[in-house]
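S.K.: Take a look at the letters that make up each chain.
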Amino acid sequence: MGHKILTYLIIAAAAVLSCSCSRWLDIQPYDEIAEDDLLSTEDGFRQLLNGIYIELNDEMLYGGALSVEMIEIMGGAYKMGTDDSVWGDYNDIASYEYGTEYWRTRLSETWDKAYSLILNCNMILARIDGAKDIFSGDNYYIIKGEALALRAMLHFDMLRLFGPVYSRNPGASSIPYYREYDGTAHETQPASEIAALVLQDLYEARVLLALDPVRTDGTMMDGPSEGVTDTFLYYRNLRLNYYAVSALLARVCLWTGDKPGAFKYATEVIEAGNAGIFPFVDRALVTGSPDDPDRIFSSEVIFALTDQQRGTLFDNYFDPSRLPNYVFTMESGLFSNYIFGGVSTGGSLYDYRYLANWRTTGGNSYFYKYSDMTATGDIRNTMVPLIRLGEMYLIAAESQSNDIAGGLQYINILRSNRGVTQLTELTRDLLQYEYIRELYGEGQLFFMYKRMFTRVLFSATSSENPEASDAIFTVPLPQSETEN
Amino acid sequence: MMRNMPIYLAALAAAAVSASSCKEVHPDYFEDISSVYFNNRGTGNVLIDTTDVTFVYEPLDAVRMEVPVTVQLLGRASSLDREVSISVSSDNAEEGTDYILPESAVLPAGEYSFDYVVTLLRTAELQTSRKEVRLELHANENFTLAMTQMEQTADTASTVVFRIVFSDMFTSAPAAWDEEILGTFSQHKFQLVCKVLDIDPDDFNDANVMTLPMQMYVREEIMSYISEETAKMNAGQDFDEDILDPETGDPIIFV
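Protein chains in written order, with my numbering: chain B, 1 to 484; chain F, 1001 to 1255.
If you're looking for bench data, these hints aren't it; they were derived computationally from the structure. Some hints here could point you the wrong way.
To be verified - Computed spacing ranges between beta-carbons, pair by pair:
| hint | chain 1 | residue 1 | chain 2 | residue 2 | range |
| --- | --- | --- | --- | --- | --- |
| 1 | F | GLN1127 | B | ARG283 | 53 to 59 Å |
| 2 | B | THR231 | F | ASP1242 | 27 to 33 Å |
| 3 | B | MET220 | F | GLN1127 | 43 to 49 Å |
| 4 | F | THR1156 | B | VAL86 | 32 to 38 Å |
| 5 | B | ASP292 | F | ASP1091 | 28 to 34 Å |
| 6 | B | GLY223 | F | THR1184 | 21 to 27 Å |
| 7 | F | GLN1127 | B | GLU109 | 29 to 35 Å |
Stated by the list, open to error - Under 8 Å between C-beta atoms, here's a sample of chain F residues computed to sit facing chain B:
| hint | residue |
| --- | --- |
| 8 | PHE1170 |
| 9 | GLU1180 |
| 10 | ILE1181 |
| 11 | GLN1215 |
| 12 | MET1216 |
| 13 | GLU1220 |
| 14 | LEU1244 |
| 15 | PRO1246 |
Nothing here was measured: the structure is a model prediction, and the numbers come from that model. For each residue, glycine too, the CB sits at the ideal point set by N, CA and C.
Next comes chain B alone, as it looks inside the complex (with noise of 0.2 Å):
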């Protein structure tokens, strides 16, 4: 340090001997600075809030583990190859071996990035309260409920990977939850604590984001008027906004089998829906440029992830011309005789669904939806799903009544605004074709099957599908933490 404090002498000498040697002097030096000063002002939470949500792009978690990757081969979305010089590791996660060497590295890491990004919630949380009154407007109520709802959405779906079937064993040990920014190692606690504990903090940013305005001026996805420069509150479905959350309690609730809860948060984000705030996409977006649909069905995007590299993870796993390297693609039987088609399965080749984010050459189908659209710079080619508003018709089928055949009126608007035919009836499996077709590679799959408890659709074979068991649904936890 000795010889920094020689530099700054030098340099303050230095300053005051020669303007024009200075330039870049104004900026407060670095190691002047405290970590604790970066969240002295408002500028200093937006960013340690914005630096939290550009992180959860990080390749082991929702740039790649949790969205597209892992998470979707275990959820069966993907065909595997039998090549392990070119698909290598993945069929040993695809067996559900998660003792290799390998995915005990891969799996630690998914935890400890994790763990690390609720680690920067709560040191926006532990301080936010005492400076309440840096923020302008009603930032406030937006940084704390934001932080909230992220280090209850990073809980759960660690909650989800390492933790037991829930519908089975509630009371099971799972996961630790940290609420404080005190660097203390916390225990395990039982699946149902650690639930109770997420359905806390939800309610509470709830409570704080009912000033969100994306409740009265919708999600701002087209960005300020000419002249404002901050777009702090713009750009809403980028960040855990009211909805998002609510549509996260509704995720929650039905995760722990509270239906009720489930119907009543689900169908609150539908009306929002209907309302103009997440409209269905336009079908001449979808059918009107099939060279350039709009894939990921924006306007419907309740929750998503910005990232600029986002057309890496078409790169990286789904582009056809990466042959005779590995490809992820759906199993061609399931493909053609379920999902986009047989008659009683409620599958087309019409499915705007397909239409969007689908090719088929030379027999294969392969996968687009984060392929870029044609035009550059559009926030849409940026854009990684988290949550969206299918799901909530989905989960609002599936929670409305014990009986899911009730459920069949939500399932038919969806697919009235996916250009397919309605259903007569609605049954587990067929609820299960809906949601591999909405939210096929977008990381939710695998989380379904474990909540149902039912078997893990690889392929149209049945012999190819392993049956559920707790062995393949519960991820151990990293060595690190069972060694504590």
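On the provided structure of chain B, position chain F as indicated by the hints.
M.R.: Just chain F now, with coordinates in the frame of chain B:
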């Protein structure tokens, strides 16, 4: 050779214990050996025979870096200083220009090891090429070379030759340069950040130091700085030319 040493020592110990006589036993094995070897350890206490160092984590004004190379005695300490024979060679580095050697290599009296400190000099060439110096131990009137290599689980390391590879370049982004936050890594960006914000380059090796709030601070400040300097450039005023990407000549796009 070294791998057999524990066995030999164990045998000696067993022999000492089993000696039925109460006569004081003075193990004399080492009295017959007076040898030296390079004993430098890396991660997991693994013996290494090469070290790869870079100036990039040193302060920008640092022009020297000392690399201690440990020479270990195999045998008993002596009451006298004893000279060790070390030759130093290189294909691409020159003594005095690229490195400086100690005046002598001496195992001090009573000691079992000493550091032979090679001082590396920071030159402009190191930003574009790596240099290497090779140290080699030789037998002399004081020491033999009882072992020349050590077999380990993963490799075999030389104990009489030690290489120092050095540069002023990155081989990869430092551990705490998060590309999600700070964009694709480049040496030019890194040096600009360290200069403008007066950051110790070594901070980027430790995520506990370069935390998310710190990285966000760096991101916001450096982007603001580039924007301000670009405005000056566009207005025809003096500006910091280090904001320009050396390959394209345009202002750096950070993220």
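S.K.: Next, verify each hint and record whether it holds.
M.R.: Here's how the hints hold up against the structure:
no.: 1; hint: F/GLN1127 - B/ARG283: 53 to 59 Å; result: holds (57 Å)
no.: 2; hint: B/THR231 - F/ASP1242: 27 to 33 Å; result: holds (29 Å)
no.: 3; hint: B/MET220 - F/GLN1127: 43 to 49 Å; result: holds (47 Å)
no.: 4; hint: F/THR1156 - B/VAL86: 32 to 38 Å; result: holds (34 Å)
no.: 5; hint: B/ASP292 - F/ASP1091: 28 to 34 Å; result: violated (57 Å)
no.: 6; hint: B/GLY223 - F/THR1184: 21 to 27 Å; result: holds (26 Å)
no.: 7; hint: F/GLN1127 - B/GLU109: 29 to 35 Å; result: holds (33 Å)
no.: 8; hint: PHE1170; result: violated (20 Å)
no.: 9; hint: GLU1180; result: holds (5 Å)
no.: 10; hint: ILE1181; result: holds (6 Å)
no.: 11; hint: GLN1215; result: holds (7 Å)
no.: 12; hint: MET1216; result: holds (4 Å)
no.: 13; hint: GLU1220; result: holds (6 Å)
no.: 14; hint: LEU1244; result: violated (14 Å)
no.: 15; hint: PRO1246; result: violated (18 Å)
When held up to the earlier numbered hints, the structure conflicts with 5, 8, 14 and 15 and fits the remainder.
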